[in-house]
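Peer 1: From just these sequences and the hints, can you work out the full model?
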Amino acid sequence: LRTDHSCCRIESDIIDEAIYYFKANVFFKNYEIKNEADRTLIYVTLYISECLKRLQKCSSRSQGEKEMYTLGITNFPIPGEPGFPLNAMYAKPANKQEEETMRAYLQQIRQETGLRLCDRVFDPQTDKPSKWWVCFVKKQFMNKSLSAPGQ
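Heads up: the sequence shown runs through residues 66 to 216, numbered per the working numbering.
There may be inaccurate statements among the hints.
Dumping the calculated PhoX-like pairs for lysine-lysine here, alpha-carbon to alpha-carbon at most 20 Å [unchecked claim]:
#, residue 1, residue 2
1, Lys193, Lys122
2, Lys196, Lys118
3, Lys209, Lys94
4, Lys196, Lys122
5, Lys209, Lys88
6, Lys118, Lys131
7, Lys204, Lys94
8, Lys203, Lys193
9, Lys88, Lys118
10, Lys209, Lys118
11, Lys193, Lys118
12, Lys209, Lys157
13, Lys204, Lys122
14, Lys131, Lys193
15, Lys193, Lys88
16, Lys94, Lys203
17, Lys203, Lys88
18, Lys118, Lys203
19, Lys196, Lys88
20, Lys99, Lys157
21, Lys203, Lys122
22, Lys118, Lys204
23, Lys204, Lys88
24, Lys209, Lys99
In short, the hints are calculated from the structure, not lab data. These figures come from a predicted structure and were not determined experimentally.
Peer 2: This is the structure in structure tokens:
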């Protein structure tokens, strides 16, 4: 993942790719999985949809960033757990250590995605969410959602 830590800096990563292609990818009902990066892209795309649901209700970027932080650290299911919508596409962690590693990785993805999405979604002049992003709130990538039905 691209981070602010100088020892690990890279130009772009899977989160940047998911945000960049989100508006096109969100219209897909099917997505061919060719490798692990595709699975990660699917998860991040679905998470972006969840973020947009929250960001559309925010009146400022600072409120949006707080909302993204909260969403990023909120307890969430991982592959193999009930409630994880992509269990058919992901292997269940083999042991407790893999489970902890996967949860930490997904949490880092969630936190980074939320912060970077705020950079794109909020108009710097009005401090409001851009209609060109929130108009995608009702779209469901692959007819899936990371949130429970009705949320």
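Peer 1: Now look at each hint and say whether the structure bears it out.
Peer 2: Here is how each hint holds up against the structure:
no. : hint            : result
1   : Lys193 x Lys122 : holds, 10 Å
2   : Lys196 x Lys118 : holds, 12 Å
3   : Lys209 x Lys94  : holds, 9 Å
4   : Lys196 x Lys122 : holds, 12 Å
5   : Lys209 x Lys88  : holds, 16 Å
6   : Lys118 x Lys131 : holds, 14 Å
7   : Lys204 x Lys94  : holds, 10 Å
8   : Lys203 x Lys193 : holds, 19 Å
9   : Lys88 x Lys118  : holds, 15 Å
10  : Lys209 x Lys118 : holds, 14 Å
11  : Lys193 x Lys118 : holds, 14 Å
12  : Lys209 x Lys157 : holds, 19 Å
13  : Lys204 x Lys122 : holds, 17 Å
14  : Lys131 x Lys193 : holds, 14 Å
15  : Lys193 x Lys88  : holds, 19 Å
16  : Lys94 x Lys203  : holds, 14 Å
17  : Lys203 x Lys88  : holds, 12 Å
18  : Lys118 x Lys203 : holds, 8 Å
19  : Lys196 x Lys88  : holds, 13 Å
20  : Lys99 x Lys157  : holds, 18 Å
21  : Lys203 x Lys122 : holds, 14 Å
22  : Lys118 x Lys204 : holds, 11 Å
23  : Lys204 x Lys88  : holds, 10 Å
24  : Lys209 x Lys99  : holds, 19 Å
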